[in-house]
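Going down the list, the sequences are from chains A and B.
Following the working numbering, the numbering of the first sequence begins with 188 at its first residue and continues without gaps.
Following the working numbering, the numbering of the second sequence begins with 81 at its first residue and continues without gaps.
No wet-lab data here; the hints were simulated from the structure.
Careful: at least some of the hints might be erroneous.
Unchecked claim - Computed list of lysine to any residue pairs in SDA-like fashion (alpha-carbon distance at most 20 Å, straight line): (1) 406(A) to 301(B); (2) 406(A) to 265(B); (3) 406(A) to 231(B).
As the list claims (entries may be wrong) - Over the 12 Å line for every Cβ pair with chain A, so calculated as not near, a few chain B residues: (4) 125; (5) 167; (6) 226.
Treat the numbers as computed from the prediction; the structure is a model and nothing was measured.
Backbone N, C-alpha and C define an ideal beta-carbon position, used for all residues, glycine too.
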Amino acid sequence: MDVIDSADPAARAATPGESAATAPDEAETFVLRVEGLNAFYGDFQAVAEVDLDIRGNEITALIGPSGCGKSTVLRCFNRMNDLIEVARVEGSVRYHGVDLYGPNVDAVEVRRRIGMVFQKPNPFPKSIYDNIAFGPKIAGYQGNMDDLVEESLIKAALWTEVNDKLRESAFALSGGQQQRLCIARAIATSPDVLLMDEPCSALDPIATLRIEELMTELKRDYTIIIVTHNMQQAARVSDRTAFFTVDAEREQRTGVLVEFGETATMFTRPTQQKTEDYITGRFG
Amino acid sequence: MTQVRRRFHEELEDLERDLMAMGEMAESMLGEAIDILVNPEHPAKKAEIEALVDRDDAVDDLYLSIERRWHEVMAMQTPVAVDLRLMSAMLHINAHLERMADVAVNIAKTARKVRRLPTSDVILGYIREMGDVARHMIRTAMESFATRNHELATQLPDMDDDVDRLNGRMYREVRKCDEDSELLEWGIRMMVISRHLERVGDHAVDIAEQVAFLLTGVFREFNEDTSPDVDDD
């Protein structure tokens, strides 16, 4: 499959036709490149003409008011919108240089490479251990499952809290622990990118800060893209921020990207008045 | 309880570390500038003054870097409680230290201008003593900050009284120079330096006030009246 090959730089160079589309160094700098992205749900255009480059081993935050299309854009990154019958995507989303919407790309494999953590912790009704082992088992993982479970829980900063109760139900964990379990579950399938859709909105402030701290640890190994309604969260954790808003000049409530840049710049001297107005609470 | 805002607290530590370095630079620059001024054997060569100006450039760079990072931390980390007070204190301390380094450069430049003029041992003695006290005040204020020592911070106003007292005596001494126009010119320049050193003392007191605010959460000025008395009787 193109996606698997392309994730390995050596294999990518050997893939016929790819080198002409994207130079290898560019593909290594940008894990994901979005160009001219338009997303529709039936006749409704949810986002228009989004260009966005996601750098590896960084945290990119997508912020903006409700209905601005930020979650739609996030879901385009691992083809989650495919699961919605009326959804349609135009433009290109290239992952390590390969078009994710190309004809030979397997959406299931895309989602293994580009994992997702949702708003509300959603562990399976299984033990802590089985929550982690489930995905790799289905994917035919041949290694030592105990080691994989331990490694995933350590990376998700949960191991010390659960190592003596791996066979207990995941539902016995607190909300914050459940969300870290979901992160461990996403990590277990060896993804390259983690998409997080408001991962802390159901958590208390301390559990939220713990997830944020975990994210800054995880970016050493993964590229993270987070959608958040909490602007201060975007400011605290992300390296780059993309601000979306609803384009008032269009007939439909279509989301557009207003500004994308380093988070430090965005929150100290944004270049666009719309960004300034939003982050200072002058419009929302 | 695990540390949940490690990156933020590391950024605070980095800022504080740079402020401490700036404090050491400002204090040592002031010492060198006064050495150049009060030591009659000192040649006050252009190169030495330029070296001090270069060091002031390094202080300015640090000042700007701290200022820039301060804004980023403020905008991105929303500090609260003791962290907010620390941020507030660091912004003030940064400005005070930068001014002190500027004073050192001004003293060194004056030393070069007056090197061919006659001097008064009494006035040089005052300047030396004021410089020693001012440097001690900088060290004490910064130590009270580094060690979060409220008692140490509250010692600053008493030290400042010594600087103010010496500054007050300067006018009387300078008036004694009016028999000799060159000596008088030198004396007037020394009055300006005395006033600079008196301001360094005030900056150090202000730093100590910030430390007290950091530790107690209540801001109050140690001295109601910070304008110097001039003893012109």
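Of the hints given before, which are not true for this structure? Those not satisfied are hints 1, 2 and 3.
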